[in-house]
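Undergrad: Sequence:
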Amino acid sequence: MAELPQSRHLATEIPGPKAQELAKRRASFVAAGVSSLMGTYAVRSQDGIVEDVDGNRLIDLGSGIAVTSVGASAPAVVDAVQTQVAELTHTCFMATPYEGYIAVAEKLAELAPINGELRTALFNSGAEAVENAVKIARTHTGRQAVAALDHAYHGRTTLTMALTAKSMPYKHGFGPFAPRSTGSPAPTPTGTSSMARQQQSVPSPPWRRASEPETSQP
Numbered sequence: 001m002a003e004l005p006q007s008r009h010l011a012t013e014i015p016g017p018k019a020q021e022l023a024k025r026r027a028s029f030v031a032a033g034v035s036s037l038m039g040t041y042a043v044r045s046q047d048g049i050v051e052d053v054d055g056n057r058l059i060d061l062g063s064g065i066a067v068t069s070v071g072a073s074a075p076a077v078v079d080a081v082q083t084q085v086a087e088l089t090h091t092c093f094m095a096t097p098y099e100g101y102i103a104v105a106e107k108l109a110e111l112a113p114i115n116g117e118l119r120t121a122l123f124n125s126g127a128e129a130v131e132n133a134v135k136i137a138r139t140h141t142g143r144q145a146v147a148a149l150d151h152a153y154h155g156r157t158t159l160t161m162a163l164t165a166k167s168m169p170y171k172h173g174f175g176p177f178a179p180r181s182t183g184s185p186a187p188t189p190t191g192t193s194s195m196a197r198q199q200q201s202v203p204s205p206p207w208r209r210a211s212e213p214e215t216s217q218p
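Quick note, the sequence shown lines up with residues 1 to 218 if you use the UniProt record's numbering.
In silico DSBU-like cross-links for lysine-lysine, where the CA-CA straight-line distance does not exceed 35 Å: (1) K135 <-> K166; (2) K171 <-> K24; (3) K24 <-> K166; (4) K135 <-> K107; (5) K166 <-> K107; (6) K171 <-> K135.
Please keep in mind that the hints were generated in silico from the structure rather than gathered at the bench.
Values in this document were obtained by computation on a predicted structure and should not be read as measured data.
Please build the complete structure, drawing on both the sequences and the hints.
TA: What follows is the structure in structure tokens.
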């Protein structure tokens, strides 16, 4: 593939004729609730530039938002993907396991700033990871309630919307949500001490199991 010039260039008005035709097809077959910020349609990107269907080159300020950006068309990533799909296309690890899953778990254990043994389960999205973290926590502790930090965003599934603080545009009109969730103030450089004092005075939660001692929880 030819190198994409790293400069902004407008070949047409935006949206151009090809983008307008795509917009008509989109209106007929893509749900209206799936919105987009960019007013045109990308065909390729490289480094800091994205090129649309009409040949316009734009600065890529989105940078892979909603997914982890490793750089547009990074050669190392392109080579690794091409090699992998030629040998083994993606399969469910729980049905047909493969080394790559284990290698990722090993790398995460190496990078995580946590002492002791670490084990990883990989999921399809951030929201699915949060849902499974809640299931693991509930199974391990036997408790049902979940606390999320104020101002936090966790996803758009029913459970993760319940944990997400901001109503618009994430959760307005989509209730009722999963019960047994509550907010907790996030630590700040100036408010940590005050928050800690408030937490020390919080009584034991009403969902405490009968076998648990009457002590405050960290």
